[in-house]
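Given the sequences, and given the hints that come with them, work out the whole structure.
Protein chains: 2
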Amino acid sequence: MNDYQIEINLSSAKKQKPAFDSLEFGKNFTDHMFIMDYTQGRGWHDPRIIPYQPLKLDPSAMVFHYGQSVFEGLKAYLTKDQEVLMFRPYMNMERLNKSNTRLCIPAIDEELAVQALKKLISVDREWVPNVPGTSLYIRPFIISTEPYLGVASSKQFQFIIIMSPVGAYYKEGINPVKIAVQNEYVRAVKGGTGNAKTGGNYASSLKAQEVAEETGYSQVLWLDGKENKYVEEVGSMNIFFKINGEIVTPELNGSILEGVTRNSVIELIKHWNIPLSERRVSIDEIYEAHKRGELEEAFGTGTAAVISPIGEFFWNGEKLCINNGETGQVSKKLYDTLTGIQRGEIDDHFGWIVKVDEETPVISAI
Amino acid sequence: MNDYQIEINLSSAKKQKPAFDSLEFGKNFTDHMFIMDYTQGRGWHDPRIIPYQPLKLDPSAMVFHYGQSVFEGLKAYLTKDQEVLMFRPYMNMERLNKSNTRLCIPAIDEELAVQALKKLISVDREWVPNVPGTSLYIRPFIISTEPYLGVASSKQFQFIIIMSPVGAYYKEGINPVKIAVQNEYVRAVKGGTGNAKTGGNYASSLKAQEVAEETGYSQVLWLDGKENKYVEEVGSMNIFFKINGEIVTPELNGSILEGVTRNSVIELIKHWNIPLSERRVSIDEIYEAHKRGELEEAFGTGTAAVISPIGEFFWNGEKLCINNGETGQVSKKLYDTLTGIQRGEIDDHFGWIVKVDEETPVISAI
Ligand SMILES: Cc1ncc(COP(=O)(O)O)c(C=O)c1O
Ligand SMILES: Cc1ncc(COP(=O)(O)O)c(C=O)c1O
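Line by line, the protein sequences give chains Y and F. All residue numbers for the first sequence refer to the numbering used here, where the first residue is 2 and numbers rise by one. All residue numbers for the second sequence refer to the numbering used here, where the first residue is 2 and numbers rise by one.
No lab work stands behind these hints: they were computed from the structure.
Simulated pairs of lysine-lysine, PhoX-like, Cα-Cα distance not exceeding 25 angstroms:
(1) F:K191 with Y:K191
(2) Y:K16 with F:K57
(3) Y:K28 with Y:K15
(4) Y:K179 with Y:K230
(5) F:K57 with Y:K156
Structure follows, in structure tokens:
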């Protein structure tokens with residue numbers, strides 16, 4: 002392992018921690034953050050851990066105007082033995098770099114990023130919550146900071162990591178969610194930025210999300226932007242169906258995000274020898290399967306919710322109820338297995354877990 | 002006119018101004034800025050003019066992650082008589098509110114915004130450059146500032162106006178630019194955010210822009226996202242063609258921006274009784290017209306460049322040279338008329354000009 006020179010500047014005061022048994026998602030942040038700068042000509046430099054603090058940016062900083070930014074989301078878990086485990090952090094950093102390529106942002110060193118994560122979590126170790134169902138949500142992100150008005154790639158960036166102890170993402174927990182199929186608005190299209198994790202994709206999704214919520218649906222199912230016909234993904238989850246015994250999920254087509262959870266689910270399904278296909282899935286096919294009584298399960302996959310069973314689709318004025326609105330067997334097994342591996346309670350055959358605690362020396366310099 | 006209570010807090014020191022005869026676009030900012038806050042439940046509040054200064058935002062502020070932001074761009078000009086004129090500011094504020102609707106951002110008071118502009122320009126009047134071809138570029142923008150990680154609409158926003166004295170946007174000035182037609186990447190699609198002025202549209206355009214520049218083209222011409230067939234717009238300009246005596250421009254279809262300059266050009270063309278049609282225009286039609294020798298002119302329209310003649314298209318490996326790479330008659334006439342009206346040298350029959358100088362009292366409070 003390279004010894005990356007990450008300077009650590011500890012906070013002189015600790016914040017009051019929220020009650021870990023009633024955490025809201027994404028509202029509380031730990032005592033420290035990681036930050037690193039990019040300057041054209043110099044590359045990425047000065048990786049450092051500093052007290053959690055506001056960013057000071059010129060009002061002309063490009064991120065405010067032209068949205069050149071990317072982000073990631075992953076989690077760390079406390080085991081019964083008080084070890085802290087991260088789930089597939091290298092895959093997130095690899096995806097961050099894929100997003101970077103699409104958004105013209107200079108690549109980061111993936112190994113440095115994972116080392117930075119380890120150090121940051123070690124420093125804020127007391128923030129990894131110890132209550133069942135909770136975890137430490139980690140948000141790496143990159144923003145364009147050059148003070149310049151003009152549509153061009155920024156010459157300055159900041160790579161930042163912040164962390165938040167979290168409970169369940171959906172109020173419903175592992176209970177099935179209700180999802181509205183979106184016919185009017187489009188999230189992404191082939192040739193666009195759908196397979197990158199960048200702010201604009203989420204900004205454009207808010208309107209449909211708002212409409213869905215007003216009618217009692219917690220999420221939106223997106224269809225493709227060209228034909229408004231093929232199933233893509235849910236707000237912040239990939240989607241899977243169980244149709245007549247086979248697991249089906251939309252193939253990676255350039256406009257959906259390659260989820261880490263999606264990838265892990267596919268590996269598990271294959272490992273269990275359940276038939277699986279990654280292919281185009283039209284909404285009509287789902288509708289027909291439901292009419293024939295063959296749509297046995299549907300679930301979303303994502304870091305925040307892990308597995309989120311879907312109890313109902315709303316499409317074209319019709320409600321499609323799935324598995325009596327109850328959690329299906331495969332959904333349940335996937336949830337139990339994934340969360341088991343993540344918490345170190347089930348053996349990790351796949352090499353997914355990265356431990357935080359190879360004693361990382363903390364060099365303080367306040 | 003309403004008397005909006007805009008508090009003014011003047012800067013104690015003035016910045017050194019750049020030389021007005023060698024201004025670069027979007028690099029220098031005036032001494033002051035306008036800012037106003039939105040808080041859910043309270044609405045927009047505390048409109049104020051303050052010294053130009055960095056924004057302090059929590060690293061979890063939503064704009065850094067989910068791109069919920071919108072912006073505008075317009076200009077003010079100094080006349081020979083030392084008057085300061087704005088070009089169609091109400092249309093920009095109306096468009097800002099249209100963008101707000103699409104991005105789930107609460108509407109601003111358009112009249113307040115124009116009054117804020119007047120006051121801000123009055124305060125920084127010395128920054129309106131007095132050299133031919135220069136102007137004061139004005140950038141109103143709104144960002145989501147709530148410190149929260151989760152895909153939802155922000156409950157806090159800031160509306161900010163900054164200003165920058167500028168020269169020509171393209172190095173080429175009024176000389177024709179060379180434009181590459183984009184086949185692979187997509188900027189916007191029907192149902193997306195193409196007709197809103199929001200960061201994500203520009204972020205997604207950077208990659209194609211980079212490729213175009215590497216091959217010697219200064220801008221990209223976008224085709225529609227569904228069929229990759231119909232002409233949409235250029236990087237930050239709408240596009241017009243003159244085909245066999247008729248002016249043709251893509252109709253407003255939901256995925257292109259409704260340019261203020263586009264609208265003004267259409268009014269002028271109609272006023273001059275030149276045949277005009279707003280309709281779908283395929284890239285094949287343009288290609289065929291060029292082959293037949295009927296593509297007489299092409300030009301882009303936008304606040305930054307006003308009218309930008311197009312001297313060459315690159316499409317499918319072929320170079321289409323237009324009007325011998327020279328500025329066409331209609332392009333020239335439009336440029337002269339528009340810039341003449343903007344600078345108060347040609348009578349404004351259309352009611353486009355708004356004067357800054359109905360004495361706005363400056364209440365200083367340092
Ligand atoms: C649009 C979108 N799709 C899918 C996912 C699921 O990806 P992952 O499993 O890596 O969290 C996410 C969340 O990260 C997302 O934002
Ligand atoms: C994508 C896009 N199209 C067109 C335009 C031209 O609009 P306007 O004439 O209002 O400047 C702009 C610039 O504002 C733009 O960013």
